[in-house]
Amino acid sequence: MTYDAQFRVWRGDAEKGDLIDYKVEVNEGEVVLDIIHRLQATQAGDLAVRWNCKAGKCGSCSAEINGKPRLMCMTRMSTFEPDETITVTPMRTFPVIKDLVTDVSFNYVKAREVPAFAPPPGLEPGEYRMAQVDVERSQEFRKCIECFLCQNTCHVVRDHEDNKESFAGPRYLMRVAELDMHPLDALDRQKQAQEEFGLGMCNITKCCTEVCPEHIKITDNALIPMKERVVDRKYDPLVWLGSKITRRGT
Amino acid sequence: MTEVEKHNYDVIVIGAGGAGLRAAIAAREAGMRTAILSKSLFGKAHTVMAEGGIAASMGNVNSNDNWQVHFRDTMRGGKFLNNWRMAELHAKEAPQRVWELETYGALFDRTKDGKISQRNFGGHEYPRLAHVGDRTGLELIRTLQQKIVSIQQDDDGDGKLKVFAECTITELLRDESGRISGAFGYYRETGQLVLFRAPAVVLATGGIGKSFKVTSNSWEYTGDGHALALRTGSTLLNMEFVQFHPTGMVWPLSVKGILVTESVRGDGGVLRNSDGKRFMFDYVPDVFRKSYAETEDEADRWYTDPDHNKRPPELLPRDEVARAINSEIKAGRGSPHGGVFLDVSTRLPAAEILRRLPSMHHQFKELADVDITKEPMEIGPTCHYVMGGVEVEPDTAAAARVPGLFAVGEVAGGMHGSNRLGGNSLSDLLVFGRRAGDGAAEYVSHLGGSYPAVRPDQVESATTAALAPLTMDGGENPFTVHQELQQAMNDLVGLIRTADEMTEALKRLEELKARAAKVSVEGDRQFNPGWHLALDLRNMLVVSECIARAALLREESRGGHTRDDFPVMEPEWRKRNLICSLTDDGAVDVVEQPMPPMRDDLIRLFDRDELAKYLTEAELPTVLAEESA
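Order-wise, the sequence lines are chains H and A.
Residues 1 to 250 (our numbering) make up the first sequence, in order.
Residues 1 to 629 (our numbering) make up the second sequence, in order.
Worth flagging that the hints you see were computed from the coordinates, not collected in a lab.
None of these values were measured; they are calculated from a predicted model.
Be aware that one or more of the hints could be misleading.
Stated by the list, open to error - Chain H stretches covered by chain A per the calculated footprint, using a threshold of three residues with CB under 8 Å from any CB of chain A:
| # | segment |
| --- | --- |
| 1 | 19 to 31 |
| 2 | 49 to 57 |
| 3 | 138 to 145 |
Just so it is clear, CB atoms sit at the ideal spot from N, CA and C, and this is done for glycine as well.
Pulled out of the complex, with its shape left as it was, chain H reads as follows:
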């Protein structure tokens, strides 16, 4: 089925901008990104948008569609009524560069602050042994495609610019959790999570989990367990030490 859809797309730059109306053709099976591409090819050659794989694997085409943070390539047009106006705006938490493209450098700054995987001393490449059940916890978090929708939606930074300094956001708190749960990582991650990356500011409203296109249970499986460990450890460091040693031994 082919029809003309009503689109409102935010056009502008850091200085100024506005929602612009477009009427544009839609064909069966298309996604929002297809429509944005058709706009580029036929009506607005300089419409700025990021995209790469168009298959939900690279996390480039993040935007807000009717106010909801989503990947444009994974939002099917069939989820809207043909007479519905579809509004596409850039992610709100990050400064606009142009049209749907935002400055996401905040995320790369935070990524650089998290200390890297610390290889276990004394193990040569090829000697790593880990059980599937142990790597699975961290593997869930490594499904992250870095679309930054969780960072965009988290109200700790979405509505409070000042918090960006002290809060790493769900994606990078999850990265800390991923390293903490890595069976062979040799660093203490829990103190960092609380003191340097602002784990305490998360009040587990699960907005990040809701928008994750990879369906990673960020809050339940990464952030809450980290919080529990931090609390346990505050009250009883011996328990923490014991658990760390036992896990290392398996």
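Let chain H serve as the given structure and place chain A on it in line with the hints.
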């Protein structure tokens, strides 16, 4: 004159996929001040689309595996047209490169005894692919990205390893004697022009798929590195070999071409036509007859008892499977949307499918309303990979004819011969990524600090060329020209080729070249996709011309080059590489170049009967004589 931002480095790496990042790590570890220039954001490269795994003969699942078996499989997959030295280095070094990733923090799926698990794949004799479900490419890119960050942390933020994201290189620069002196381009975000002075450039720009309409490749795959190498005076090897992956999505139209991983077949999925028949049994070519099952029963037994049964024909190399699917569709036995059926739903329990193929399940569910645990997928061939590429020296990845230029990964040619095996690309980019980084560092250290000079006239002409589409008035829309190019390549230089169609393609490419030179774009330099495409177009056009010209010359069928008018593989042609270069007036020139004979100890890894299928009579006696000596 337009302002140009300037930077100085020892090594610059163009491209931030697996190959580029691995090369940058090696160059930095060798002490070089290194810059990574990426068209996309850091971590978004096309490598994330690799799904199945990394081929390396670690022998974790079947201890019979070793580098010699991997080498043999790679040469067979490439129909013996591979650069055998590259195939040798690749097979020998892949395990070390994979294990190294674990020290960077990678978390592969495990065997019961805690080692890296390995899965079956087309053309690989043993389970060989290290993997993470069906998202191995993502794990690879993230691991290398995090290793880069880790090196930056160790460097204490002093910028000796810097990533310039969303930066496109449009021209390479050379000094009077022809040595690399730098690279010129623009930042996508701002349109600011930028010059990187450096004596060594590593091309790691990936492939050319965006010249075809149905492709698994992203917008980045516009053949930039291929075109930069040509324009700088280097050469491209065997560009006629383009891999059409047998299984791309065919429906809905908007997702046509998106990859469906070979792991579906590796883990038990089968191909059926509209009669419900497993048709691959009818398409086993003679050269592979010995190793593939003849009945469904035997094929099915292989999954649990590979030592006593032959493998299912669904796991033939990709070129064979893609041609078979094409034949079934042409014979009228296709699926409703013009593909064939790929079914895993009747082969594995739903829970197992979800565990092994989670991203395929997600992709079909979200994009096509198909639940792959309950019903078959519809799939068809899609342009996936170019085996041809920059002619390189195997050990150092140094590009032909241009000192200071290196190439690695998909942009480099030779490694995969006429057809690449699945899983060999991720190992290729790790093995040769490291070699290219080391090679560039070695080259730079021999310059003793005296770097080739940047010629102002080259910067000036690069500036003019880059800004041309913005200053041109009343020209055509670049998107229109691009769509016509994709259609022409798809229709005329696709999976099955004829001389008439390629002659027609070359005529159309000439017309498109003239039109592309006059495109104009609206708007300014700030993040302007129309402008970006206008500049990418000339790369796609010259690379497309190389493919069509080489394909017209090679009068045989082999791997990723199938001629309807020359359907047989000719041993005479195995001895010849086709080399593309640019003449002074910018025309593509293609010449034959003899393939160096394989080293004795390597050729002895094959038995005579097999060699007789690939080598000429004249080559065989030498081999036989040596064997009996």
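Hint-by-hint comparison with the structure:
1. Using a Cβ-Cβ cut-off of 8 Å, 5 residues of the segment 19 to 31 of chain H lie near chain A, which meets the minimum of three, so the contact claim holds.
2. A count of 9 residues in the segment 49 to 57 of chain H with a Cβ less than 8 Å from any Cβ of chain A is obtained; the coverage claim is therefore met, three being the minimum.
3. Only when three residues or more bring their CB closer than 8 Å to a CB of chain A does the claim for the segment 138 to 145 of chain H stand; here the count is 6, and the claim holds.
In terms of the numbered hints stated before, the structure departs from none.
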